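Participant: One line per chain: the protein sequences are A and B, in this order. Counting with our numbering, you get residues 355 to 1204 for the letters of the first sequence. Counting with our numbering, you get residues 234 to 357 for the letters of the second sequence.
Keep in mind that the hints were calculated from the coordinates and are not lab data. Please read all numbers here as calculations on a predicted model, not as lab measurements. Heads up, some of the hints might be wrong.
Once the Cα atoms are required to be at most 20 Å apart in a straight line, the calculated DMTMM-like pairs of lysine to aspartate or glutamate come out as [to be verified]: (1) B:271 <-> A:1175; (2) A:1179 <-> A:971; (3) B:271 <-> A:971; (4) A:608 <-> A:429; (5) A:902 <-> B:311; (6) A:1091 <-> A:1078; (7) A:827 <-> A:739; (8) A:608 <-> A:438; (9) A:1165 <-> B:252; (10) A:483 <-> A:572; (11) B:271 <-> A:1178; (12) A:363 <-> A:429; (13) A:949 <-> A:971; (14) A:1179 <-> B:289; (15) A:903 <-> B:252; (16) A:921 <-> B:289; (17) A:1165 <-> B:348; (18) B:271 <-> A:1174.
Quick look at which bits of chain B chain A covers, simulated, 3 or more residues with Cβ under 8 Å [as the list claims (entries may be wrong)]: (19) 271-282; (20) 295-301; (21) 313-324; (22) 329-336.
Even for Gly, the Cβ is constructed at its ideal location relative to N, Cα and C.
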Amino acid sequence: MIEPRVKQKLIVIGNGMVGHHFLEQLAARPEKELFDVTVFCAEPRPAYDRVHLSEYFAGRTIDDLAMGKVEQYRDWGFELLLNDTAVEIDRDKKTVTSASGTVKNYDRLVLATGSYPFVPPIPGHEHEKCFVYRTIEDLDAIRAASEGGTVGVVVGGGLLGLEAANALKELGLEAHVVEFAPGLMSVQLDGGGSELLKNKIEDLGVTVHTSTATELIEEVDGRLRMRFQGESKGERELLTDLIVFSAGIRPEDKLAKSAGLQLGERGGIAVDESCRTSDEYIFAIGECALYNNFVYGLVAPGYTMARTALAQLCGETSEVFTGADMSTKLKLLGVQVGSIGDAHGRAEGAAAITFVDEQSGVYKRMITDAEGKKLLGAVLVGDTDDYDQLLQYHLNDIDLPEHPEQLILPAADGAAPALGAGALPATATICSCHNVSKGQIVDAVAGGCCSLADVKDATKASTGCGGCAALLKNVVDEELAALGVEVNNHLCTHFPFTRQELFHIVQVEEIKTFDALLQKHGSGRGCEICKPTAASIFASLWNEHILKKPHVGLQDTNDTFMANMQKNGTYSVVPRVPGGEISPDKLIVLGQVAKKYNLYTKITGGQRVDLFGARLEQLPLIWGELIDAGFETGHAYGKSLRTVKSCVGSTWCRFGVQDSVKMALDIENRYKGLRSPHKIKMAVSGCTRECAEAQSKDVGVIATEKGWNLFVCGNGGMRPRHADLFATDIDDETLVKTIDRFLMFYVRTADKLQRTSVWLENLEGGLDYLREVIVDDKLGICDELEAQMANVVGTYQCEWKTAINDPEMVKRFRQFVNTDEPDEKIVFVEERGQPRPARNEEIVKIAEPA
Amino acid sequence: MTQVAITHTQWQPICQRSDLVADSGVCALVGGASGASKSIALFFIPGAEPQLYALDNWDPVAGAGVIARGIVAEIDGELTVSSPLYKHHFRLGDGACIEDEAVQLASYPVALDGDTVCIAIDEG
Ligand SMILES: Cc1cc2nc3c(=O)[nH]c(=O)nc-3n(C[C@H](O)[C@H](O)[C@H](O)COP(=O)(O)OP(=O)(O)OC[C@H]3O[C@@H](n4cnc5c(N)ncnc54)[C@H](O)[C@@H]3O)c2cc1C
Ligand code: SF4
Ligand code: SF4
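Chain B on its own, in the form it takes in the complex (with noise of 0.2 Å):
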């Protein structure tokens, strides 16, 4: 086992490292504090700064689970992924949607310790 580094209660694994795509998305089913299980996207953007982002998978504007699968774009010198099918761009450090004010993904701190992805959900 490796040394867990972080040790701030709500972290919890998710995956592994060799999981990860680079520059590209993957998705994680998270079981939540009340129990009901939530799906992540995860980013990997090696070299970038964080190099890890986690947003909800869901895409309320097209309405389906498919965050993970966009395209990462930089958009003014900002990190963003695509969604597949109404290409909305949301921005990847907080979720927060370029086009729509009023649409926001739920963000949440990730972060690699060792080989392990580990990432921190809210009570509630």
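Looking at chain A on its own, in the form it has when it is part of the complex (with noise of 0.2 Å):
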């Protein structure tokens, strides 16, 4: 229980991404009830995620952007003042006073005033086409002076400076980087790794002037020209629209430096453990706080400032700050980077393992101590798959395996094995985002949590920035496993692997039966899972006929007969109508036999029509009179391609651009027959107006004036999905391209049952990722999945074609295998003028004679 007594007055200076941390800490625990909270915020809204604040640029608004609402504080009952700057702090009387004339006393003073960027001196740099990149405002006035231009410059080669290069880049302009230094990123990386980090960012279209410095700005023509300096190496001088200076960030301590507060020699609010200032009721917390002579440019750090600026406000005097780890991982530009520790390898005896491979762009150095047993640093360029691992050697001071350098070394046989969550301390933090340690997970685990998605809401791990979701995993995974939980995503108990493994192995080996895989790689004999999953492999690889010999017996009841049973025993026909178009003549037949053999019609939301109510030996007769009309199956029971619907389109509709039946009947005709991991829909739509509702579906084609978009992994059904837009504006050869590409990855990645919906969810990178293996052939697999698509399509067969044909397959739809009698037990009733099976309570009447 909390005392009532005087509240204190507690004032925050600064509402960036720490101090609103601060703020939202607070807000969650009972000491909330002891404080009067004041706010000063400079900036014209309260805190945004300025980590992601390039994605401003890529779409993401201001509200998606934003952090701390005007609201939630409202609710949490702290005074926010906004666009009110603090400028004078009286440490004898205990006030701030605003920029706006606010006056207001306090008991304890929290700075969180973050940082701003450094401008060198340069000659012309307060020219209004200069720029720094801290804020949104920043943003919006480089975006202004993009407009018309051509070119832009970069004046930094650091972190944020080459994510101000790419989005300078995004903005259409011919981007440069200009770097004082030899090397890029020259605090993260070494030489070797900043050089081929310079490489690769050219061969992305950036030019990059290194030893570089500028010697002046002078405005011609409307346009900047820099001058460098004699020594710089290259050009000149260089002809920009704007520049943006990223050259570093300096501690925001006026404020405290005029308050007379203690700094350090190059700036900095200095700090002690309980991140305290040299006035004992004023705090200093974020990128403004100096500590140990540091100050911490990342968020991770600032956060654990604020948690303890916090607790020591509460009274928990053992909190404490003791510096923080400033190991990262990034994308920049696309290209991935990672920096652990001492990644230059200063330390007194540092031995160093470097692994370059140039042809991929990959570049791997260890830092290790003389002995080679402790992990003190590393840089990973173009690949960062080892870092996580790397991390945890470094930081929780893990022994290394006999031969460090298979840590980093491309995984061959005899790779070290993965470092095994067990081997982390109780200690180690799995997230840093949200300060999670193993033991909380762990504790997790044990207090009933059974899931990753259960661990995630308990202790909010991975739910920041998401690069420990690896980790997360094997921990969770490990630790359930230790508590006798199942937890594999093996296929089942026959084979111990994934969906994905399992068609890699039927493709590399060449597998063409399930007794032959069961032997070679599972054991026992199968069962309605993994059989099933091997025959649709079997056919999206050889694509053999299902009901061939070794084939048979591996699938459900609706693959075997090739026809949907419905509940009374009995089975539905689905003949293919591509398109939705059908002619007068078919649509006759299909009355026919239906007529004919006394079966229910419907028409289905995929355009097409259900003949119910067949009984198995009747199967093969209707399908010999439909495919003499010239009918093909339908697959309407198998995992595979089931209709592409369309509108009319430009034929008729006054609205359409293209047309869309066509389209419709082209694709259908090529993928119809293909197996996959669960069915799979399309549709094609003659314009915006969307007729066809092609946003939910698999794969969706919507006309436009200039070809096509294409959209990906809708889902209609329980749990409707909109389709994400996956390419606009291509022709009909890149549209059919771009579906052969994404339907073959798809097939050869998905789970078992997994929807393409589902299987975007989880696939690592998500979208942008499919696009970079389908549009920008990352993985250089484009040609071979175009081949395999190709390989299907040439080798279709109608199924029911071929098995009419059959004498041996069509005795497989004999009822009883002694006689030619029919199934007693199946009655119909008629209702609405059409025959339904009859409900128990009717079999007993018609069976007891009037």
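Join the two chains, each given in its own frame, into one complex according to the hints.
Facilitator: Next up, the structure:
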């Protein structure tokens, strides 16, 4: 219980990411009631996610980036003064005065004023086309200046500078980076790493000028000319439309300075372990604070300081800040970069192990102690898959394996075993954003969380930047396994592989039968999970008839009998009607067949006709008649392409801009027969009015003036999902090629019974990654995907046509193997002029003679 | 005619070995002793011990004669058939339902006599 007493006045200056985190944490504590809180915020809006600021250019809105909301502060009862800069602290009177003239008393004061970008004093730097890169307003100004321009220069080749260069590139400018030092990201990377990064970035179309110092900026004909110093290598000058300075940050310490607080030699408000400044009533946290002569320019250490200061304020004096790890992993202009600990090998006796693959642009370097036992640091460029593991070795001081180089060498036989989560001490930090240790995760699992999602909910781990997702999963899996909960993504007990792995095995070893697969890679006799999965993989790869001898028995009843079983054991029959286009003659045949075999008929949502109530032994007869009339199987029974729905498009509709029916026909005829992890639905609309509802399909195509827009991974049904726009204004050929690749990649990598929507949601890297693979061919597999699809398309057969011409297959459709009698237990009654299965009570009545 | 090796009176021939489908089921109609006929699901699992199984074809959960059209699945080392409609598993050996103790299919002795499949159905 908290004793009621006079509330203390708490003032927070600065409402950036760290200041906000502090207040959010306070709001969640019972001690909140002990304080009257006032917040001075110099910016026109409460805190937003500066870390993801660049996404503002990519379409994220101010709302998307917002962290603190005005209403939320009101709910918390905190007074938030927006657009009001604190200008003076009077430590004797304990007051803060703001630019608007407000004067407030404090008992405790927290400085969270962050930092400001350093602009080198180059003559001309104050020109109106010179910018910095820190706030939403900065970005608005850069965007406005970029309009009509062609060239943009970033001064500074550090982490932020490269991010800014990417932004300029996205704005359509020819981007240059001018760096004074000999290498990029010199704080985080060693020489080799930064050289490789430079090459990669230049490949992406950004010009990098290293060892280049700017001497003068002057205006010529409405543009800016940068003149470089004589000792600079390369160009002497550069013409540009705008300049962004990103030459480092300086702690925002003016206020503290004028209040006489102790600062560091080169700035920064000095704090101790409790995050107190030289005045015991004043704390400083985040980028304005200097601890141990170091300013931490990352958000995670700032958050740690915020929690420390808050704990101290609440009397928990044992909570202290003792520095933070500055390791980082990020993607710059699409290049993965990681830096851990002592990347430069500055420690005495440090030894290095380097791996370079110039071909694919990968550079990895490990710094170990003299004995090669401990990891002091690492640099990774081009491939950061090893980052998480290396970081844990580093942070937890774990002994390196006997051949530490195996940690960074490409996986091959004999690679070092992955660092098991079990090797980590309970104190190891798993999620640095929310400061969640392994111990907390273990406790959460012991406390009843039995899935990754539960653990995330309970601990908030991995809900920040998400960088720890893989490691978190390892820890959770391991804990669950220790508790005896089965956690594997094995297909089933017969195959210790995922569907994707199995697909790979079948493909590489060219395995064609289930028996062979089971013998080589499985155990037991198989079940209803692995058998159909294997059959589907065989079909995707080798496309043999599903009723061919070795494959019989692998399928669920619907696939075995190529029809959909209904509740009374009869089947429904759905012939293919490509694109929903059907001639009157064919419609008449459907009617005649339905009448002859007494079938219930219904129009489906996929624009075709479903015929219900066919007995097993009738199926080959019905199909004989349908095939004679030119119908083909509709695969309604299979995990395969169902329908391509279409609107009439430009042929009939006054709004149509393309022939959607023809495209639907082409697509349906191309992909019919493709076996996949789950059913696939498609649609084509003739214009943006979208009458074919393409955006609820796995593959949706919508006509535009210039071609087609392609949407992927939509879903109707129980869990609807809107499809994502994947490619715009593409021509017929590109459309088909893209769908080929997309479908085959899905077929290859999806889990069993995973619709495209769920597959995408589980795909690491999401839509962007998918685009990289399918459009940019990042994995170099597109030729193979297309070839595989060509094989499926080329070997298409109407399964029913083949079946009715093969007496052995037809035998399979006998109701009884020893007599031609029908199953007398199947009874129909009539309703609304059509047959339907009799209900139980009706059957009894019929059975009793009247 | 092949020699009748099994001489028990209840045994009756129902179909030929060639009617069976390996690793899968087929359905046969058997005249019961009481005169009413009965649908039997026959499963043939080459290499298993035994390799032939006979169960009622009627699935009481679904209320339809569909057991022979289910997929054969090994669950915890035991052979079962998964009924196609609601996917209940029935043990091939004794017809017990894995998901629901209260449900049970009748199972029958079945054997090959040369190339003829014979089944033993109780009186009544
Ligand atoms: C483009 C960009 C990308 C980044 N990427 C990453 C990244 O990937 N990972 C990472 O860890 N970090 C990254 N950072 C750094 C990260 O954003 C900072 O570490 C973090 O924002 C620091 O938070 P802060 O609250 O200390 O400072 P700030 O977020 O700067 O907040 C300080 C606030 O105080 C206000 N203020 C200052 N003086 C006063 C005054 N006198 N009165 C009232 N208000 C005042 C300022 O206007 C500002 O709103 C990035 C930064 C930028 C700009
Ligand atoms: S989507 Fe466009 S072209 Fe197609 S029917 Fe609707 S309005 Fe007409
Ligand atoms: S929505 Fe439900 S009831 Fe309707 S067809 Fe689908 S599964 Fe059957």
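Participant: Three or more residues of the stretch 313-324 of chain B near chain A by CB distance under 8 Å?
Facilitator: The restraint on the stretch 313-324 of chain B holds, since 4 of its residues have a Cβ under 8 Å from chain A and three suffice.
Participant: So if I understand the rule, the pair passes when the alpha-carbon distance is 20 Å or less; does residue 1091 (chain A) with residue 1078 (chain A) pass?
Facilitator: Holds, at about 18 Å.
Participant: Is residue 271 (chain B) within 20 Å of residue 1175 (chain A), Cα to Cα?
Facilitator: holds, 12 Å
Participant: Within a Cα-Cα threshold of 20 Å, do residue 903 (chain A) and residue 252 (chain B) meet the stated pairing?
Facilitator: Distance ~14 Å between residue 903 (chain A) and residue 252 (chain B) Cα, so the pair holds.
Participant: Going straight from one Cα to the other, do residue 608 (chain A) and residue 438 (chain A) come out at no more than 20 Å?
Facilitator: Roughly 16 Å separates the two Cα atoms, so the pair holds.
Participant: Holds or violated: residue 949 (chain A) with residue 971 (chain A), Cα cutoff 20 Å?
Facilitator: holds, 17 Å
Participant: Does the structure keep residue 921 (chain A) and residue 289 (chain B) at a Cα separation of 20 Å or less?
Facilitator: Since the Cα atoms of residue 921 (chain A) and residue 289 (chain B) sit roughly 18 Å apart, the hinted pair holds (cutoff 20 Å).
Participant: Checking one constraint from the list: CA of residue 827 (chain A) to CA of residue 739 (chain A), max 20 Å. Satisfied?
Facilitator: holds, 15 Å
Participant: Residue 1179 (chain A) and residue 289 (chain B) were given as a pair; does the straight-line alpha-carbon distance stay at or below 20 Å?
Facilitator: It holds: about 14 Å lies between the C-alpha atoms, which stays within 20 Å.
Participant: Regarding the pair residue 608 (chain A) and residue 429 (chain A), is the alpha-carbon distance no greater than 20 Å?
Facilitator: violated, 32 Å
Participant: Residue 271 (chain B) and residue 1178 (chain A): Cα distance at most 20 Å?
Facilitator: holds, 10 Å
Participant: Between residue 271 (chain B) and residue 971 (chain A), is the straight-line Cα distance small enough, at 20 Å or below?
Facilitator: Given pair residue 271 (chain B), residue 971 (chain A) holds - Cα atoms ~18 Å apart, limit 20 Å.
Going through the hint list in order, the structure does not satisfy hints 4, 5 and 22.
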